[in-house]
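Here is how the chains run, residue by residue.
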Amino acid sequence: MDSYSAPESTPSASSRPEDYFIGATPLQKRLESVRKQSSFILTPPRRKIPQCSQLQEDVDPQKVAFLLHKQWTLYSLTPLYKFSYSNLKEYSRLLNAFIVAEKQKGLAVEVGEDFNIKIVSKSQLPSENREGKVLWTGWFCCVFGDSLLETVSEDFTCLPLFLANGAESNTAIIGTWFQKTFDCYFSPLAINAFNLSWMAAMWTACKMDHYVATTEFLWSVPCSPQSLDISFAIHPEDAKALWDSVHKTPGEVTQEEVDLFMDCLYSHFHRHFKIHLSATRLVRVSTSVASAHTDGKIKILCHKYLIGVLAYLTELAIFQIE
Amino acid sequence: MDETVAEFIKRTILKIPMNELTTILKAWDFLSENQLQTVNFRQRKESVVQHLIHLCEEKRASISDAALLDIIYMQFHQHQKVWEVFQMSKGPGEDVDLFDMKQFKNSFKKILQRALKNALTIASKHHQIVKMDLRSRYLDSLKAIVFKQYNQTFETHNSTTPLQERSLGLDINMDSRIIHENIVEKERVQRITQETFGDYPQPQLEFAQYKLETKFKSGLNGSILAEREEPLRCLIKFSSPHLLEALKSLAPAGIADAPLSPLLTCIPNKRMNYFKIRDK
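Those protein sequence lines, which keep their order, are chains W and B.
Going by the numbering used here, the first sequence runs without a break in its numbering and finishes at 323.
Going by the numbering used here, the second sequence runs without a break in its numbering and finishes at 331.
Keep in mind the hints are simulated off the structure, nothing from the lab.
Take the hints with a grain of salt, since some may be wrong.
Claimed, not checked - Straight-line distance between alpha carbons at most 25 Å, and here's what the computed DSS-like set of lysine-lysine pairs gives:
(1) 298/W x 64/W
(2) 266/B x 249/W
(3) 266/B x 300/W
(4) 77/B x 275/W
(5) 275/W x 266/B
(6) 156/B x 275/W
The structure displayed is predicted, hence computed values, not measured ones.
Bound-form chain W, shown alone (with noise of 0.2 Å):
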């Protein structure tokens, strides 16, 4: 039986983020303000929707096919201390070697018996028809990240966001060999409705051939003392339609448009149901593009637009490093 975590290399120099971002976004130029030394000026923020003919070429479907369809748990990792690519075969003796020891102190490991981990860098991923199971796998990754690079010296390695499929035991083990050997620190990402609205929004604008699911959302109301869930589900013709409506500078999408989608929303629900689901609690988006989940839980759906919603995420993930 195998298993393998995959830590994903920074992408290849081609994919600059000036390629493909117009306007820094907040976080970037928080960090340059900081550098300047300049006073922080609160700047709308915008984002530019991801292009899928710009990002085409830099993803094969095969290599990326065992990413999507999967529920990854999110972290984000502060940067690694002298971490080296040419050394991933010994890391993986290492970590192994672990392992090994953990179970004989006793402590729960998921994996069976015989198990073998294998770090690997973005170039070897293996193929979809490999023999044996994967239990679990992490890919350790950074889109459009540079900003952070730059503030760092060049004994780090900058992998800020981390994805986990499998036990959450495991997790654990393999991080706290992580965590150990190159003296960084792993903390679970959550992701607030804020976020959470924005990707709605972002992955509604995104161009699509054909919807693979429906578009929705779920609320938590906090009213005592049973709890309430309300899901709102929309067809994503619709929601596209709804949001083509909003939309208004091309290419770009605005706080303002967020906002407006997100009201348009609750207006049609206060119509018929007189309930504000403002004052509630949104714990899940859901897009033929991926899903997220409050708890920090993403799956992706779509190829086309996997850089566009790592992106995204690296970004947040930088943001709760800071």
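For this one, chain W is given, so just place chain B on it according to the hints.
Only chain B this time, still in chain W's reference frame:
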């Protein structure tokens, strides 16, 4: 027939406007159809009244009949009296027992009799005056006398805090103007919620589903989806370990408006929890 009864009926009938007289007499149902037909209602009122008294004497009207006529008159002319409402409640620790109408009537009667006795005792100074006082009060309305006394007795028993504030547990030391505005709205919400859901435990239900095909109508910005003819296709699901209790708590919590939407409140009545909603 007692002359006081006759006087009582006479004074009651004199109060009734001519255009209402036949209606009220019919509602009273004491004088028969035949008897009423003998009366010429186009005469002067005094003559009509005299004729009616004569008919009542024939039928031997009692004080109860006279009182009933008074009550019926009161029902038609409620606005001429000031009514007060009293809430009956049990103290803390007391059991809630089933309501026995008969027993209630008996207790109530006894209290009234006691109150009336007290009223007479307090009011009496001179035997003659008392009798006259009683007589005039007796003729105006027995109910009115008793209720006046009744009010006073109860007012001293209850605490002086207004009923609303006590039941909501608010701090009455705050600025009274601020409290009052809030109380009115909170009370309204409580009342409507109670009217909608009742005081009893709600039937246990775990989810409700609505398939909506309705057009988008924006209050905020009229231009959004204005040209779109097609409705928005939505599926809404409410789920909870105890859905109706949860819905009941929404308006008091400020999360929903009161009254709640009929789409939700009709669930127990219709015994349905799958709905399809379309524009008309």
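We went through each hint and held it up to the structure:
no.	hint	in the structure
1	298/W x 64/W	holds (22 Å)
2	266/B x 249/W	holds (22 Å)
3	266/B x 300/W	violated (31 Å)
4	77/B x 275/W	violated (48 Å)
5	275/W x 266/B	holds (17 Å)
6	156/B x 275/W	violated (44 Å)
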